[in-house]
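Peer 1: Okay, here's what each chain looks like letter by letter:
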Amino acid sequence: MQVAYTPAEIAAMVGAQRSVGTTAQTIRDIASLTAARAGDLSFLGNAKYRSQVAGSAASVLLLPLDYVGEPRPDQVLLFVENPSVALARVCARIAQALWPKPAPGIHPSAVVAATARIHATAHVGPLCVVEDGVTIGPGSLLQASVFVGRDARIGEGCWVMPGCVIAAGCSLANRVQLQPGVVIGADGFGYEFVKGRHEKIPQIGVVAIEDDVEIGANSTIDRARFSRTVVGEGTKIDNLVQVAHNVVIGKHCILCSQVGISGSTTLEDYVILGGQAGVGGHITLGKGTKAGGRAGIATSTEPGSYLNGNPAIPYMLERRIAVLQQRLPDLFKRVAALEKAPE
Amino acid sequence: MQVAYTPAEIAAMVGAQRSVGTTAQTIRDIASLTAARAGDLSFLGNAKYRSQVAGSAASVLLLPLDYVGEPRPDQVLLFVENPSVALARVCARIAQALWPKPAPGIHPSAVVAATARIHATAHVGPLCVVEDGVTIGPGSLLQASVFVGRDARIGEGCWVMPGCVIAAGCSLANRVQLQPGVVIGADGFGYEFVKGRHEKIPQIGVVAIEDDVEIGANSTIDRARFSRTVVGEGTKIDNLVQVAHNVVIGKHCILCSQVGISGSTTLEDYVILGGQAGVGGHITLGKGTKAGGRAGIATSTEPGSYLNGNPAIPYMLERRIAVLQQRLPDLFKRVAALEKAPE
Amino acid sequence: MQVAYTPAEIAAMVGAQRSVGTTAQTIRDIASLTAARAGDLSFLGNAKYRSQVAGSAASVLLLPLDYVGEPRPDQVLLFVENPSVALARVCARIAQALWPKPAPGIHPSAVVAATARIHATAHVGPLCVVEDGVTIGPGSLLQASVFVGRDARIGEGCWVMPGCVIAAGCSLANRVQLQPGVVIGADGFGYEFVKGRHEKIPQIGVVAIEDDVEIGANSTIDRARFSRTVVGEGTKIDNLVQVAHNVVIGKHCILCSQVGISGSTTLEDYVILGGQAGVGGHITLGKGTKAGGRAGIATSTEPGSYLNGNPAIPYMLERRIAVLQQRLPDLFKRVAALEKAPE
Chain A
0 MQVAYTPAEI AAMVGAQRSV GTTAQTIRDI ASLTAARAGD LSFLGNAKYR
50 SQVAGSAASV LLLPLDYVGE PRPDQVLLFV ENPSVALARV CARIAQALWP
100 KPAPGIHPSA VVAATARIHA TAHVGPLCVV EDGVTIGPGS LLQASVFVGR
150 DARIGEGCWV MPGCVIAAGC SLANRVQLQP GVVIGADGFG YEFVKGRHEK
200 IPQIGVVAIE DDVEIGANST IDRARFSRTV VGEGTKIDNL VQVAHNVVIG
250 KHCILCSQVG ISGSTTLEDY VILGGQAGVG GHITLGKGTK AGGRAGIATS
300 TEPGSYLNGN PAIPYMLERR IAVLQQRLPD LFKRVAALEK APE
Chain B
0 MQVAYTPAEI AAMVGAQRSV GTTAQTIRDI ASLTAARAGD LSFLGNAKYR
50 SQVAGSAASV LLLPLDYVGE PRPDQVLLFV ENPSVALARV CARIAQALWP
100 KPAPGIHPSA VVAATARIHA TAHVGPLCVV EDGVTIGPGS LLQASVFVGR
150 DARIGEGCWV MPGCVIAAGC SLANRVQLQP GVVIGADGFG YEFVKGRHEK
200 IPQIGVVAIE DDVEIGANST IDRARFSRTV VGEGTKIDNL VQVAHNVVIG
250 KHCILCSQVG ISGSTTLEDY VILGGQAGVG GHITLGKGTK AGGRAGIATS
300 TEPGSYLNGN PAIPYMLERR IAVLQQRLPD LFKRVAALEK APE
Chain C
0 MQVAYTPAEI AAMVGAQRSV GTTAQTIRDI ASLTAARAGD LSFLGNAKYR
50 SQVAGSAASV LLLPLDYVGE PRPDQVLLFV ENPSVALARV CARIAQALWP
100 KPAPGIHPSA VVAATARIHA TAHVGPLCVV EDGVTIGPGS LLQASVFVGR
150 DARIGEGCWV MPGCVIAAGC SLANRVQLQP GVVIGADGFG YEFVKGRHEK
200 IPQIGVVAIE DDVEIGANST IDRARFSRTV VGEGTKIDNL VQVAHNVVIG
250 KHCILCSQVG ISGSTTLEDY VILGGQAGVG GHITLGKGTK AGGRAGIATS
300 TEPGSYLNGN PAIPYMLERR IAVLQQRLPD LFKRVAALEK APE
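Protein chains in written order, with numbering that gives the first Met the number 0: chain A, 0 to 342; chain B, 0 to 342; chain C, 0 to 342.
Read the hints as simulated data drawn from the structure, not as lab findings. A portion of the hints provided could be inaccurate.
No copy is singled out in the list; a pair is fine if it fits within one copy or between any two copies.
To be verified - List of simulated lysine to aspartate or glutamate pairs, EDC-like, C-alpha gap at most 20 Å:
(1) K199 x E232
(2) K194 x E155
(3) K194 x E267
(4) K289 x E301
(5) K286 x D268
(6) K47 x D65
Produce the entire structure from the sequences given, and follow the hints as far as they go.
Peer 2: Take a look at the structure:
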């Protein structure tokens, strides 16, 4: 962060009710109570860390109104209703400073087809390529080196970061955020085995990304064989995730990093998949299904399932079996002893 | 898809032998029998879905000659020799509309070295970088923002999608397709541990991609330490796959998404690896070896092996053990009961 | 490789003490003793392959001084102190030829903000984007189509390959190498669940990459929620690796391909993680912890731990249990037999 705020500026930002102490420092970073050093802002977000406040070297501390204690030398205590909310305000301010909204318009280095319809309030950054028939809605931002293929549609308030590819015919609804390097609409992986060779099955469907979806860096969402691959409203996808063709992901799901979803599978709303989990093809994960990191799910699940392991089984059973597996050497010994026992 | 075909156009495309019914709709999408709505084309590709035809809301249906039934109002039935083949023809036509072949030539925004030899029928799209000594063959297409490093060679009829990197000295043979974001020829991962530090072992080999290979979005194929990393003719690789240095992949293999192959390993022809499978280094997978998703293969395999699990073992054994593992809590109880039994 | 060296040039490069035989070939590639063909250089790097020398078809062979044998027709034997060191010299020469250092300066097609400070000896290649407030140090090289966001800092002698993204505020220290497609500083994956929706937690920290780090193709290192995600000096990261927000990686670690590290986890120095391993969040892996490929580590480890499996357990125990698991069918039978035994 390239920011510098005085304690008074922080106090104003968070609406501090009371301020104690003084410091010559300006705030340039945020850190936890124990990690903070001079020039850092810290906060007491959870009562269980209360004992760490007195020892914190932060220059400014956000504390709840009921906190009792004195500042160290060269330290300011700011008392607020809710330190976590106060911190969020500071973060939002810093976020604005870090990522100022660029002015509307098309950068002269961008290559934009004459038939593309780009809203006057949208921004097409340097070295983007926008092909024929594309539409880009109000306030949307293509940061730099973004490719948008023929007839793709981008709604309002989207933010597409550098190096993303949105292939022909695919769509982002509104307020979608793509982190750098995301690929929307690569061909689905479909072949037919004919006379010793894999013949490609044309992949002519599209990808539809609904409102308020965010997708992490270098993740890939494949176009459908036909019809649509869908990522539902409000779903959040982490980095390096693979979503295969014709997958339909419901609303408000969470897919952690390196998850893979095989073709034609459906995730109902509120599914949560831990990092590196894998889901087989042509199945349905019921609403609210939750799976631990590295789970391997090959069959459909009931709503509310909580799974772990590979193959994934109910979470508590998996945890129990994991413990028993470590006792296998002992079990083999016990069985051998029984076999040797005189009858 | 931004297409619109009249039923008569569809009938002509597929060579329909008979047409029954009428519709005012134009066809804008393709869907399965049950998912189809007005404006969709659907088809009976498999006799087991025959009962779904009568209820389908598709505006046009491709049906086998022996199908008996009447169209719904505002619906056209087209009778053809083979509905799947007919559908493939429609898809191929749509694919042409979706991805029209751009005109030959070099886009003015591309940065192309004077010594690059680019065939007159090739297309170098906007914002590509082509370095010294590169050759690009007849009909090949670099779509946009593609990087081709010094002395790399691209054969005939290749299609390299936006954001791909083909590093110095690497080669694509003919009709190779790279989906967006593929990296061919990053350095192999090789270090020597010297006095507490990892010293880089120069990676001066190349990558050779043979005819008719396709590689999925954001996959990475590393250059060899020396000599060549090879992806054999007709092999298809899905998204986010890692192929390490000096790996040699045979002909007509299938590597599903997120597979990783460690260095110096050989895959003989027709190997198939399920999603997220991992293969150790310096081993050989025999011809036609097949492994399930998430399999972890650490040792060489015989031709025709069928493996699953981690560590991978023969498929049927793994399936059986997976079932027995879930009965471990019971087994522990049974052994405890035996131990308590009076003798 | 597009190189061609005469045997005399190779002899000079490696400081050969003695040369026997002649060949009309020029050296165009390097290969192992058994794989080498005419035009190849090979070497005896390990005494155990001594018997392979006589049968090697290499045109030039690097051999230790004490090797006794005659060249084949059209073959040159070069005797050197240490054939591995000699080979490394040839490789280094080839590396220079393969990747010539481009001239300092900013390519006219790059889009560079007026406020960016780029050292006179640095190179900003074609179609790069460098935003406001960026600093780039002496001798650093942005190869092509690299994005460097506001206020990011790049030290001396770095090499950033095509298509990399270094987002706002992040830093590379000195001699850092990023392979193509690396994303430094995508947002961390943090949401709060509020009234049925996932609300984004602003990610306003940065990423700090220390000296001599190398990161593989398409890997992603997320920015911190606040403060810094750190990759320590001399650490080497392979392709398609995910490092989440607020992770702190120590010095001289090795992360093989497709590893994933969850948020706020610390790796102390000299940690080594095999391919596709996963590490949970908010834990610490002690100095020198080593884990096998595909290990799943959910809890903190002691320094010097050696783990395998998922969930990861001590390596030798895991190997033993893996064997016993394959004997589970037998164990179930044995227990059934005991249960049936007359008492």
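Peer 1: For every hint, state whether the structure bears it out.
Peer 2: Verification of the hints:
no., hint, result
1, K199 x E232, "between (31 Å within a copy, 14 Å between copies)"
2, K194 x E155, "neither (48 Å within a copy, 23 Å between copies)"
3, K194 x E267, "between (39 Å within a copy, 18 Å between copies)"
4, K289 x E301, "within (11 Å within a copy, 30 Å between copies)"
5, K286 x D268, "within (5 Å within a copy, 41 Å between copies)"
6, K47 x D65, "within (14 Å within a copy, 70 Å between copies)"
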